[in-house]
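Since chain A is already given, all that's left is putting chain B on it; use the hints.
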Amino acid sequence: MNRLNTHTLYALALRLAPLSLFAALFIAFGLLSDRFLSLANFRNILTQSAHVAVMAIGMTFVLLVRGVDLSVGSVMYLVAVVMGLYLTGLPLVLQIPIILMIGAIFGAVNAWFVTRLRIAAFIVTLATLFIGRGLALYFSETKMVFQSDAVQTLGRSSFMGVPWAIWIAAVVAAAAWVTLTQTPYGRQLYAVGADLESAAKAGIRVKPIVFSVFCICGACAAVGALISASEVGAAAATFGYQMEFPVIAAAVLGGTSLFGGRGGVFGSIFGAALVQTTENGLVMLNANPYLYPLVNSLIIFVAAFVDGRRRVLTERLEQRKIRTEA
Amino acid sequence: MSEVLLKVQNLCKSFFNVRVLRDVGFELRRGAVLGLVGENGSGKSTTMNIIGGVLAKDEGLIELDGRSIAPTNSRDAQALGIAFIHQELSLFPNLSVEENLFLDHFPRLTSALPFIDRRKLRELARKALELVDLKVAPQTPVLRLPPGERQLVEIAKALSRQARLIIFDEPTTSLTAREAERLFEIIRRLRAQGISVIYISHILGDVMRLCDDIVVLRDGQVVASEPRVNFTIERLVTLMVGRTIDQLFPERAPVSGPRRAALTVRGVSQPGVVKDISFDLNLGEVLGVSGLMGSGRSELARILFGLDPYSDGEICVGDTRLVPLSPRSAMDRGMAFLTENRRGEGLMMEASIADNIVLPSLIEQSHGFAHFLRPAQLSGVARGVAARVQVNAKTIDRTAVRMLSGGNQQKVVIGKWLLRAPSIFILDEPTRGIDVGAKYEVYKIINEMVEGGAAILLISSEIEELIGMADRIMVMGRGEVRSFCERANFDRETLLSAALWD
Chain A
187 MNRLNTHTLY ALALRLAPLS LFAALFIAFG LLSDRFLSLA NFRNILTQSA HVAVMAIGMT
247 FVLLVRGVDL SVGSVMYLVA VVMGLYLTGL PLVLQIPIIL MIGAIFGAVN AWFVTRLRIA
307 AFIVTLATLF IGRGLALYFS ETKMVFQSDA VQTLGRSSFM GVPWAIWIAA VVAAAAWVTL
367 TQTPYGRQLY AVGADLESAA KAGIRVKPIV FSVFCICGAC AAVGALISAS EVGAAAATFG
427 YQMEFPVIAA AVLGGTSLFG GRGGVFGSIF GAALVQTTEN GLVMLNANPY LYPLVNSLII
487 FVAAFVDGRR RVLTERLEQR KIRTEA
Chain B
8 MSEVLLKVQN LCKSFFNVRV LRDVGFELRR GAVLGLVGEN GSGKSTTMNI IGGVLAKDEG
68 LIELDGRSIA PTNSRDAQAL GIAFIHQELS LFPNLSVEEN LFLDHFPRLT SALPFIDRRK
128 LRELARKALE LVDLKVAPQT PVLRLPPGER QLVEIAKALS RQARLIIFDE PTTSLTAREA
188 ERLFEIIRRL RAQGISVIYI SHILGDVMRL CDDIVVLRDG QVVASEPRVN FTIERLVTLM
248 VGRTIDQLFP ERAPVSGPRR AALTVRGVSQ PGVVKDISFD LNLGEVLGVS GLMGSGRSEL
308 ARILFGLDPY SDGEICVGDT RLVPLSPRSA MDRGMAFLTE NRRGEGLMME ASIADNIVLP
368 SLIEQSHGFA HFLRPAQLSG VARGVAARVQ VNAKTIDRTA VRMLSGGNQQ KVVIGKWLLR
428 APSIFILDEP TRGIDVGAKY EVYKIINEMV EGGAAILLIS SEIEELIGMA DRIMVMGRGE
488 VRSFCERANF DRETLLSAAL WD
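Heads up: the protein sequence lines correspond to chains A and B, in order. The first sequence begins at 187 in this note's numbering and counts up by one. The second sequence begins at 8 in this note's numbering and counts up by one.
Excised from the complex, chain B in its bound form:
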């Protein structure tokens, strides 16, 4: 038993003659947590996919426990004791927890016949769930579990297969703060048991708290590989982007003149969702909304945009009350909504960038009574917007959105709403899962809009983002407004405790 569990040397990989990995090398000790950070497209996923057997390497050496390995599919990797927990969990909601745990190796009554030994299955499942401290009945359908518990099931699955190395790819994106804490606790426990962990995340604060060593990738190369104590978040950011970002948040020119309310919300309630929500959103300001996932912040956004109903209260845009509120009427009043789920709700993944951008503005860009479209005009308009939000792609007309990185996809979503020149823009987690550089650009776009007099409702799980961007912060919890905080009094601790308080 050597001290080093995983050793990667000179790993190279090219796609269509484009080098995505160049001599990547690092070591992972037994029972250590290795943080892997880098911008989108820096090669983190490629590296992990090679180790996890999803992709084949071109060159290089991967040693597990002193033996050279080259898994060719995820089954191979599993057999070697490597478990890969993807951002999108691979559980089946229509099956029970126990069935998910043992889906590809059910215990059988007799080895000759294909009948499941239900009793043994339950017993094994119970043991596996104990390892992650998950107290649910093994026969519960996964459908009933919240995201955090689903993740624990996934970890239990890895542990029940005697995983020696567990790779987590952005595990906290769909977790509440509390669930994330629980996950970190489990990861620490795994470490204590001698299991090694590779932890990929954009949330640098988590990486700093959790990891023993950190590897920073940039453009397919390792730019730093050191113990955590040698890093600060600022240094990580500098290493990742390759240039110093003096400020993570761009400056914004203050908007002068009296405050005018763009959106007035009074006593909006919907049983089980939000309760008695009142606030004003002024033109030329960013109102940050903080709160844990499940605090009702995203639900509130959906109500404001007319996607979900509300039973009491009123929502006014300017001076007019919106009844009935529908996405169409909200849009006609200059509202725009960026959902937190850009894959599912915000984009047509197979369509081109241009098609996505012009989609909500087709009527405005059409001509005559029959609303004829002029392709040349549309593509010109789309190109203008794409340039404004700085989408990096070869062709706006032909590149499918699916091909873009997360950050660029997000810019496309923002761009499609910008085209409508909204005066009220609701942004739900606009920077989730995108890298530091792209974040900065998203912030710049937000600032430009505010300077132009628009009102922004910025919903975010990242306290730093709210502190950096918002003029005021509204803290939500359990579907209610907990408190308001003016820019002068912003304080990380206060905001967090306001959100966490029950």
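Excised from the complex, chain A in its bound form:
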């Protein structure tokens, strides 16, 4: 077997790693719990993963330009608090654009620090993670914030037999897919992620693009808040707490690279489903709650490991100069 072939096989193995993990978990949970393998439960998993999927899609935009947004969980809580405290009197059609704005503005703050002051996204969003939650806790006084009837109804009802949560996620996914693959903006995003300097040289306006991805990510976090709050009906002080982990894990498990320039919408949806399946399976098994973080961290590890290996592999392929064509 020649080297090219082993490389291809290796690349294939890496690509299939998350899928195999998914299959393995599925089988394991199915064997261990008789309630896991049921249509009702699948539907349940899908609905539960909707908010993670939406937020992972937003995160994908940021990761594509080699950024990261740690503040998504806090945005989620902030939005849920504002929605439950100040927007209850408004109809849903008004609430939605307002929370999208809040999310986008929060993202714009992140973006401003990253693009203008050139502070690393990791540091900026780590700070706004605390700022966002602090602000929201100040508003809520750490009390439980209940959502309006309109929002709660959204969480309980379906359209054409499919829960609204899934419809919303589908709309976000479709819009994101079109943006990433069918618009100049989307393709330029990939170019910026591959090489910021070359992108600037190629005449791409880099700053507005980097700025925009944080706004998109913020807005997606707001949508995630809407979906999640509508299901729970209220937001406790821990709402959205540590959400950045499953969200980033979902995106990376779906093939989006932490090194930028690689990734897509469908992968992120798959990643979200994988993350949520684990969660669901553990609940079904009545597993020890102390086990959850261990299992979650294992998944994140797999995601990061696969991403890292893939990067090494691409670099090797780049290096390889012997060609069969000769």
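Every clue listed holds true.
Footprint (simulated), chain A over chain B, 3 or more residues, beta carbon under 8 angstroms:
| id | stretch |
| --- | --- |
| 1 | 79–87 |
| 2 | 101–111 |
| 3 | 120–128 |
Within a straight-line C-alpha distance of at most 30 angstroms, the following computed DSBU-like cross-link-like pairs (lysine-lysine) qualify:
| id | chain 1 | residue 1 | chain 2 | residue 2 |
| --- | --- | --- | --- | --- |
| 4 | B | Lys401 | B | Lys451 |
| 5 | B | Lys142 | B | Lys127 |
| 6 | A | Lys387 | B | Lys142 |
| 7 | A | Lys387 | B | Lys134 |
| 8 | B | Lys127 | A | Lys387 |
| 9 | A | Lys393 | B | Lys127 |
| 10 | B | Lys14 | A | Lys387 |
Because the hints were derived from the structure by calculation, they are not lab data. Glycine included, C-beta positions come from ideal geometry on N, C-alpha and C.
Okay, now just chain B, sitting in the frame of chain A:
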């Protein structure tokens, strides 16, 4: 339509009050290829960056088609029909060929909405690729293309923007001989179509073959601007350095005594990389390795130094077999390796010259059980090495390597290995992209080492360099050793054909 497309007059440019360009002027005819040669730092890049809109001029006049122009960024220059193809290509490997071609002006479905017209994109891309005879599907990711084809994509990109003037900066450094031939063919075709080309290269042979006129720069001034027929390579070199180099290669005192093998390689194979490689490298000799890029020569070097694995055969240093082979064990046995990629693998660009030089010798230069370092001692050692390899820089301790010219950077890389006094030194393309003067100095360092009894494995794409420096030449092709050639029988034609033969 005038005969002259580009006219440059009295171009001046200073950086921090240092004059880098002084009254540079030349003319470029429509449909002509102009060669621009000069040592590193002679002002070639500055001139081209001004024409290409990367830098602003201080004084002077640039006329394109009779109109004075002053592009302030690369977009401006593009709009004027000037395309600049840099040494480091600016393609995005994660995007497809067609997307790279039209990244900043995608065809849209409707002008009002930002949606890409995929069908039109493919059609336009296909047309653009036809112009350079590149037969790849437009949707292929650039990641899959070899360097030569990537360059063609870059040219297609320039042509699809109606470029009238294409500037090539060292276009052949990452190309195989065959890919370079193809590039020259394309350039000749561009010329026939009336497109003007400025061709910058250190490979004077290529410049002589390709160009109609040649401009020689030295210290920011034009020292000659004449039709090619007036030049010979010797004259070009003399003009570039400003002094006569009687010989491009310094003399080396022959090493007496019996041959002792420093490195013995027997039947080394790695599937898909190299096959059944056997040779001896003796102390006090330069063994040249010739072969096209992709012949396995650089890969062999990486294996010898323990960077890449091999499945069969054995590698002995002196009498001991190295198992397992790792860079550390190779270094402990007195091996050193100068990679062909000095930016990526050989240097810490942001660190000082001194820090770079002492890096591989930190343990040897330390004291006590905890390996404490003495800064004064380190900087003394570094200064000694820097003087030996003649690095031109104000301060060894403070100047970042990034600030040095290519030739000086290469001397730093060589210097850092010299400090370890290697007995076996593998040099992969040690003079790539550096100017004639610096080359000569690198050759002198090599000779000094050989006279001191070291064994050198010199990998090079330049046949002249191998003929000038090596005692024996090993020709590689397709991962195998094709032939050996003793100094007495060196012949350019034979060596080239041995490498090219399939």
